[in-house]
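Using the hints, position chain L against chain S.
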Amino acid sequence: MALRKVIGTETEFGITVLNQAGFNPVEASSAVVNAYVGSRSRIRWSFDEESPGRDLRGIGVIERPGFDFETGLVNTVLTNGARLYVDHAHPEYSSPECIDPWSAALYDKAGERVMVEAVRAAQQLLGPDERMVVHKNNTDGKGNSYGAHENYLIARSIPFDEIVRSLTAFFVTRQIFTGSGKVGSENGRPPVDFQITQRADFFEEEVGLETTLKRPIINTRDEPHADPTRYRRLHVIIGDANRSEMQTFLKLGTTALVLDAIEDGVFADPIELVDPVQEVWSVSHDPTLQYAMETVDGGAMTALEIQWQYLGVTRDYALSIGVAPVWMRVLDEWEKILIDLEKDPMITADRLDWTAKLRIFEGYRSRDGLGWNDPKLRLLDLQYHDVDPERGLYQKLVDRGAMRRLFDDEEVESAVTEPPDETRAFFRGACVRRYPDALVAANWDSLVFDIGEETLKRVPMMEPLRGTRRHVENMLDASPTAAMMIRALGGNDG
Amino acid sequence: MAEQERAQRSSDRTDAKSEQTEVAATGSAEEISERIDDLLDEIDTVLEENADEFVKNYVQKGGQ
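Residue numbers (the working numbering), protein chains in the order written: chain S, 280 to 773; chain L, 317 to 380.
Treat the hints loosely; a few may be bogus.
Below, in silico cross-link-like pairs of lysine-lysine (DSSO-like), each with a Cα-Cα straight-line distance of 30 Å or less [what the hints assert, rightly or not]:
(1) S:421 <-> S:493
(2) S:421 <-> L:377
(3) S:493 <-> L:377
(4) S:655 <-> L:377
(5) L:372 <-> S:655
(6) S:493 <-> L:372
(7) S:421 <-> S:655
(8) S:421 <-> L:372
From chain S, some residues computed to sit far from chain L (all C-beta separations above 12 Å) [what the hints assert, rightly or not]:
(9) 407
(10) 470
(11) 516
(12) 564
Just so you know, these hints were derived from the structure itself, not from any lab.
Where a beta carbon is used, it is the ideal one built from N, C-alpha and C, also for glycine.
Extracted from the complex, chain S is given alone in its bound form (with noise of 0.2 Å):
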C-alpha cells in the first residue's frame, strides 16, 4: 500500500557580484543567509546523526548532555520551517515537508521570495558600485551545474531495483515537462542551438550515489531524516530548477502519483530503455519532441509516447483506488500538457519555462538577427532565472499576465513565514517563532532546546506526519515557555 508522499525541494541558487574585484561565492553566499537572517533569531543547525528507531511513537523527550555542536557554518532554519544555508558556494533553500505537490510548490515559489529579501538585505553590504544578483537556475554554461533535488518520503519496504526499473524511463522523458531551458550544450555532449533542460548534459549513470560528478539519473543517498526502518527518501537530482509555479506543481504531482503506483505495483511491466543515460541528453536536445529513443523489447518511442504510457497507467490506479482532488489535478494538468506538447511545444509557454524561454529567444533572433552562439542569447537565458523582479524576465512575464500562476503573492508572503499545518515542520516553524532563545539546534529529525537546565532537551522528530497543526498546537498555545512545552511532551506519550 502506497504511503502518503511527503514532499520537499531544495535549490542551489546561482551567485554572483557585478563589479566586485576578487569575489568570492563562498563569502558572498555567506552574506546572503547571514544578512538574511539578521535581525531573526540564529537556531543552528544540527548535524547530530539520529539513532535508528528510537522514536517510533513520535513525538517525546531525550536528555542529551554534552550535546557537540557543529558551528563555523551558515546553516539556520526558517519560521516557515524550511533550512537556509550556505552549501559548497551556492546558498540554497530547502523547503519544509509538505503533503501534497500544491503545497510543495508553494513554500518552493516562497523560498525564491526568501531569497529575494535576502539579496536585498546583503546588497546593503556592498560598495556602491557592486551588485549582487541570484539566479534559480542549474548552470553557468561552462560546464558547471549545480542542484534542484526533489525529496519523496517512500516506504523501505519496496525494493530498490523495483524502483530503479519502474521509474527511470519516467525521468527520462517527463523532462519534456520539466525542463526550464537552456542554451547550446556543455560537458561535452554535442552541439546543440537550444536544449530542453538545464540539467541533462550533467547525468552521466545510470544508478548512483554521486550527486557532484558522474551524476546518476537514480540518486541512491539513503539518508531518511525518519525511521530509517519503515521510510526511504527519494531524492531526486535530474530535475530543473522551476521558475514556473505550474511546472513545479506538474514535476512533483506527476512523480509522487507514479511512485505511489509503483509502490502498489502498478507497473509490473514498464518500459525499459536501452541507453537511458544517452536519452537524457537526446530528449533534451530535441525541442521539436520527435526523437524516438530505443526500448528493450526492441521498439522505438518517442518522450510523449513514453509519457501518455505512464499517465495512462498511473490514471487508472489513481481513479481505481480514488484519490483527492489535489491529485486529481495533476493528473488533469499532466493530460492537458502532453496535448498541448503534442500539438505544439509552444501552445505550453504560458506553463513551462523551456517554451517560455525559447520564445523570448525566437522573438530576438528574429527582430535583431541573432545567432544562437550570440551573447545575448546567453545573457537572456541567465536572466530569465534572475531572482529579482525588476530584472527576472521570469517574473516580467508574470507581470504582463503571459505566465499562468498558482498562487497569488499574499500566499506566498505567508508561506514565507507560516509553516505548512500537515507535516512536522509545523512544529519546527511553529518552535522557532515561539522559543527562539531557548532553541539551540534544528535539523530535519529533532529539535534540541537548552531550557537551562544540566543537559539540553532533545525532541526526536523521526515521523514526517506527527507534529501537525493538528497535534501540537494547543500544546504549544498552552506552553509560553520551551521549559512548560518541554514538560508538556514529557508528560505526552506523543
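For chain L alone, kept in the frame of chain S given last:
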C-alpha cells in the same frame, strides 16, 4: 487499496485551493504572441548592459 488516508491525504484547505482557478494568464496564445514585441522592448530596458562580459564572468563552481 492504498489506504483510506489517501482520500484525505491533502487538507481540505489545499484541495479547495487547488480546485479554484489559478491566477490565470490573460489572453490567448495568439494575443500573447502579438505582445511579444512589446515584451522584448521591455526586456531591453532591464537587460544587463554588457552581455559579453556578464556571460564571460558568470562561473559557478562547487554545486551538486
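Status of the hints after comparison with the structure:
Annotation: proposed proximity of residue 421 (chain S) to residue 493 (chain S) holds, straight-line Cα distance about 16 Å (limit 30 Å). Between residue 421 (chain S) and residue 377 (chain L), the direct Cα distance comes to roughly 10 Å. Compliance with the 30 Å bound is thereby established for this hinted pair. Note on residue 493 (chain S) and residue 377 (chain L): the hinted pairing holds, with a Cα-Cα distance of about 15 Å set against a maximum of 30 Å. Between residue 655 (chain S) and residue 377 (chain L), the direct Cα distance comes to roughly 22 Å. Compliance with the 30 Å bound is thereby established for this hinted pair.
A hinted pair counts as satisfied when its Cα atoms are at most 30 Å apart, and residue 372 (chain L) with residue 655 (chain S) qualifies at roughly 11 Å. Only pairs whose Cα atoms come within 30 Å are accepted, and residue 493 (chain S) paired with residue 372 (chain L) is accepted, the gap being roughly 25 Å. At most 30 Å may separate the alpha-carbon atoms for a hinted pair to count; residue 421 (chain S) and residue 655 (chain S) meet this at roughly 16 Å. Restraint check for residue 421 (chain S) and residue 372 (chain L): satisfied, since their Cα atoms lie roughly 9 Å apart, inside the 30 Å limit.
The beta carbon of residue 407 (chain S) is kept farther than 12 Å from every beta carbon of chain L, the shortest such distance being approximately 17 Å. Every CB of chain L lies more than 12 Å from the CB of residue 470 (chain S), the least distance being 17 Å, so the non-interface label holds. With a minimum CB-CB distance of about 7 Å to chain L, residue 516 (chain S) fails to clear the 12 Å threshold, and the non-interface call is violated. The claim that residue 564 (chain S) lies off the interface holds: its Cβ sits roughly 21 Å from the closest Cβ of chain L, which is beyond the 12 Å cut-off.
This entry does not satisfy hint 11, going by the numbered hints stated previously; all others are met.
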